[in-house]
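Chemist: Given next are the chains, with one letter for each unit.
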Amino acid sequence: MSSAEPISLYVHIPFCETKCPYCDFNTYAAIEPLMPTYVAALKSEIALWGSLLDGPEVHTVFFGGGTPSYLPSEDIRHTMKAITTAFNLAPCAEVTLEANPGDFTADKLAAYLDCGINRLSIGIQSFDDDLLQTLGRRHNAADAVHAYRQAADAGFENISIDLMYGLPYQNIQQWQSTLAQALELAPPHISMYCLTLEGGTPMERWVDQGSMPTPDADLAADMYLMAQDEMRHGRYRHYEISNWAQPGRRSQHNLTYWRNDPYLGVGPGAHSYLGDCRFSAIKSPREYIRRMQSVSPDSCGEPMRAMISSVPVVDEIEQIDTPLEMAETMMMGLRLDEGIGIAGFKERFGEPPSHFYADTLDELERLELLHTQEDALRLTHRGRMLGNEVFSRFFN
Amino acid sequence: MMCDPRLGCPPPVERLYGYVPNASDVSYLTTVSLRRHPFYPKGLLHRTTSSRGFPEERVRNFSIVAHVDHGKSTLADRLLETTGVIEEGRQVLDHLPVERERGITVKAQSASMVHLHRGHRYLLNLIDTPGHVTSATKCLALWQPLRELCYWWMLNRVFKLKLWLISCSPLRQTSQLFLSSTRLIFLSPTLRESMSSYTTSLDSVLKRAYSFCQISAKHGTGIDKVLSAIIEKIPSPSGSRDKPLCVLLFDSWYDHYRGVVCVVAVKDGSIGVGDEVSSYHTGLSYEVAEVGLLQTKRVPIPRLYSGQVGYVLLGMRNSTEAHVGDTFYHTGSKVTPLPGFIAAKPMVFAGFYPMDQSEYPVLRTALEKLTLNDSSVSVFQDSSVALGQGWRLGFLGLLHMDVFRQRLEEEFDASILVTTPSVPYKVVFRDGSEQTFLNPAQFPEEVYTVEEFREPVVLGTLVTPDEHLGKLLSLCQDRRGVQQELVYMDQSKVLLKYTLPLSEVVIDFNDQVKSLSSGYASFDYEEHGYEPAPLVKLDVMLNGRVVDALASVVHRDKAYSTGKTICGKLKDNIHRQLFEVAIQAAIGKRIIARETVKALRKNVTAKCYGGDITRKMKLLRKQKEGKKKMKQIGNVELSKDAFLSVIQR
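Residue numbers (UniProt numbering), protein chains in the order written: chain A, 1 to 396; chain B, 1 to 649.
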């Protein structure tokens, strides 16, 4: 890839104070002693990629996890320093940090702003204390409101909050009141996720064993419709299936994923998509640290795959051929309200989508899941609810 | 393409008309499996390489017959262990997955063993009784409560060889006396006369018995006694080596390398490699390629002599040439054929279709292979509007069908749809003509031309402790049974006779009997001709479209409840789809039941970011794979489970 093309950078922080019962991310509680060596390893991985890729422009940075706000703010500062050294961080780059409502102090927030973080994503999840307890969160509704105000007061203009629906025990009134409180805070960006019971999580087991009720899929559908209505009234743009934003506040970093554009992920278990390769780093933080301690490769200028595999923490590399790239572009792009731009698609793949997917598109139109417009393919209202029925049809 | 003529022919008329239901599931599956022992019988092989050393008086032929789950296989295991055919203590599970799973024996075989008794070596042939043997004359119905006696009687009659019976634990349910351990009973031929009344209690049977001794196959005690008793109490076969060859074929299976393996009993004369023999039934002649004894494997020997039981390879490539009950003789010689068997008749018919029409040839091959080893399955070509090309298969009963389906799936990895099973109904038209139909699709549309419908009826015999009588009476009532007899066999045992429609019996009657009586009642049945019945065709519609594969023929009085049940089951088994699915049961144009599967409202991955793409994509692919396993009927996707749910009442 040419270093002219800007990339997004994801930085994984695998630490959590406690592990939430629904979470299946690569994150761990009670490995705090690893923090110092971990940050050192992370910095060397950043430096390594910077030199391998020849310091490309980075237009978004996202500290995700895990709980990045659980890390001492000094560590964030050092990591940011490593990023600006290794890469060409764009002047107006969006730099997001995921935070837990309980972690904020005025000093911490000031330190974030100081080192270049300009967007916070706060995991509020709900404004209902009982549900927060069900979710195993450490904060309550008051903490959440307080944290939000603290961040805003500290000077953060671009704040996103996460909410969850379709939860065990959650009723539509609780959801309505959570939506109302969210609108009262009026954050620039809101993500609302329907609970997915991921395999192997404690919550899946509880539901399986019957000690927790199975969330009602129809009720979740009602909640989704309610969210869409409420957000429309609040003048939010429903720009992705689970994301709403005020004008100009869409998540630039996440748009990279949905547009199937290149990104680099650093840290254990982080995924990257560069050239025609998608790859991931080994998941174990300990092993990650161990491997980064013995690093001295020099494979600049080699083909992408060889270069990637020279990085000691890279675990799995998947070659993305054109049909797959196309299908993934459809799967990700149709999640957006802007849809699949026909011109952009043609530029990327040589022909418009109708050339490759004529029958599928016909069928989807007939099923009223998709409509083709002059400039773009977009999901219908019904298609948004039934996205997987659409996406799966592009894979063979 | 069709190498098995049964797979390509329309049903022969006599096959449909001449239908008499008789064999039951239970009998088909209660024979002893010996194929489960994969060990090579080393010691035995060397000692028995020549069977000449076993004149008739040193040969004993016997069978183990008892009700299902009464330990036949266990006893066989112990006998084989004690005689050194298999290693001690190494009980091997039934080797077919379906056998392991269900704890039943599907494919049975025979085995020979040698036992040293009072200084002489004896050749003992444990003879598998094929399910077909149960097809006997009506008078045997009297003997049903003491089923093992029937077997004895039949074997003796049919084989014309001195075959005796070991019955282990006869009818646990009928007498507390037998609850604790397995017993060995020998019955003298004269006892038959005294058993003319089925009310004779077991106690008196035992008093009249030759002898009986207490053993436990499970714990391996008293096995020596069994072997000694077999030698002492069972007479040797009556044939003669000097007479012309006369061989009874009583079982066969297909070996992919050697062709059809015929299991035979030699009545008279001897048979060896190179002999030219003819089949009485087909008139075809063969050169004997190999003869031998059956142990856990085939052990070739030069000749089989009168009284002995073993296998013969005749170079047959098609299992239809091997008729169970056929007599073989040296070509050119004159012999009187042995009586043979009445072939088992299929009583339950169901459509078997490939999930995907492209799998038709694969399924055809699988069916050909499997029916080679199970000639009791009848095969007709069939087609369905909803499911395309397939077959209509006839089975001895529902368990037989289920086992067959499972073997197709497990051993051949076939993906099959099975339609609602039905029994052979008859329709009598106003012009006097009569027709049998095996498929609801053949139900006459112009009902005004029909004089009456007739359904097959069975005479069922139930033996139960009297505390369960009430429940069983209401079960029979519920299944449209008509009581013929109710007799107390002793203070606490009741014998019930009911005529029941076959259609009410085949599906789950036996299960119900067992569960209502905590396993203590036993049920058996035999054909009882046809009786008029007001039958209707119950159609099932999905979104207004009739699905022929789900249609069934039912008694008019049961139409509503059956329709309701079917709709309910389908509702539970049809997953939510992009559109609402209306499930309706109808008789003609009249809708009698309806259920609705609501449309799927929401199915979209909530979170999809960089780290998730590969995983999410895999999930979507899996979802799509799942869809491919669905059968598209109109705009409705039906899974295999949905079809199966209708079958399993």
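Take these hints with a grain of salt, some might be off.
Said to hold, decoys possible - Label pairs and their computed distance ranges (CB to CB):
no. : chain 1 : residue 1 : chain 2 : residue 2 : range
1   : A       : K346      : B       : V362      : 52 to 58 Å
2   : B       : G626      : A       : A47       : 23 to 29 Å
3   : B       : V362      : A       : L225      : 57 to 63 Å
As the list claims (entries may be wrong) - Below 27 Å or equal to it, Euclidean Cα-Cα: the simulated DSS-like pairs (lysine-lysine) are:
no. : chain 1 : residue 1 : chain 2 : residue 2
4   : B       : K640      : B       : K627
5   : A       : K283      : B       : K598
6   : B       : K345      : A       : K346
7   : A       : K19       : B       : K618
8   : A       : K346      : B       : K616
9   : A       : K283      : B       : K589
10  : B       : K537      : B       : K514
11  : B       : K571      : B       : K497
12  : B       : K297      : B       : K345
13  : A       : K283      : B       : K629
14  : B       : K571      : B       : K628
15  : B       : K629      : B       : K589
16  : A       : K19       : B       : K616
17  : A       : K19       : A       : K283
18  : B       : K598      : B       : K569
19  : A       : K19       : B       : K607
20  : B       : K618      : A       : K283
21  : B       : K629      : B       : K571
22  : B       : K616      : B       : K569
23  : B       : K569      : B       : K537
If you're looking for bench data, these hints aren't it; they were derived computationally from the structure.
All C-beta atoms in this analysis are idealised placements derived from N, C-alpha and C, irrespective of residue type, glycine included.
Chemist: Are the hints correct? Go through all of them and say.
Modeler: Results for each hint:
Taking the beta carbon of each, K346(A) and V362(B) are about 42 Å apart, not inside 52 to 58 Å as hinted. Evaluation of the 23 to 29 Å hint for G626(B) and A47(A) yields a failure: the beta carbon distance comes to about 45 Å. Checked against the given bound of 57 to 63 Å, the beta carbons of V362(B) and L225(A), roughly 46 Å apart, lie outside it. Using a Cα cut-off of 27 Å, the hinted pair K640(B) and K627(B) holds, with the two alpha carbons roughly 11 Å apart.
Restraint check for K283(A) and K598(B): not satisfied, since their Cα atoms lie roughly 42 Å apart, outside the 27 Å limit. Among the hinted pairs, K345(B) with K346(A) is inconsistent with the structure: their alpha-carbon atoms are about 67 Å apart, more than 27 Å. The straight-line distance between the Cα atoms of K19(A) and K618(B) is roughly 26 Å, inside the 27 Å bound, and the hint therefore holds. With a CA separation close to 25 Å, the supplied pair K346(A) and K616(B) stays within the 27 Å bound.
Our distance criterion of 27 Å between C-alpha atoms is broken by K283(A) and K589(B), whose separation comes to about 63 Å. Simply put, K537(B) and K514(B) have alpha-carbon atoms about 30 Å apart, too far for the 27 Å limit, and the pair is violated. Of the pairs offered as hints, the one joining K571(B) and K497(B) is violated, with about 38 Å between alpha carbons and a cut-off of 27 Å exceeded. With a CA separation close to 30 Å, the supplied pair K297(B) and K345(B) exceeds the 27 Å bound.
In summary, the hint linking K283(A) to K629(B) is not supported, as the alpha carbons are separated by about 34 Å, beyond the 27 Å threshold. Restraint check: the Cα-Cα separation between K571(B) and K628(B) comes to about 20 Å, which is no more than 27 Å; the hinted pair holds. As the CA atoms of K629(B) and K589(B) are separated by approximately 32 Å, the hinted pair breaks the 27 Å bound. The straight-line distance between the Cα atoms of K19(A) and K616(B) is roughly 22 Å, inside the 27 Å bound, and the hint therefore holds.
About 16 Å separates the Cα atoms of K19(A) and K283(A), which keeps this hinted pair within 27 Å; it holds. Using a Cα cut-off of 27 Å, the hinted pair K598(B) and K569(B) holds, with the two alpha carbons roughly 15 Å apart. Taken as a hint, the K19(A) and K607(B) pair is honoured in the structure, with Cα atoms around 19 Å apart against an allowance of 27 Å. Restraint check for K618(B) and K283(A): satisfied, since their Cα atoms lie roughly 19 Å apart, inside the 27 Å limit.
Taking the CA atoms of K629(B) and K571(B), the gap is near 19 Å; set against the 27 Å cutoff, the hint holds. This hinted pair does not check out: K616(B) and K569(B) have alpha carbons roughly 32 Å apart, beyond 27 Å. The straight-line distance between the Cα atoms of K569(B) and K537(B) is roughly 19 Å, inside the 27 Å bound, and the hint therefore holds.
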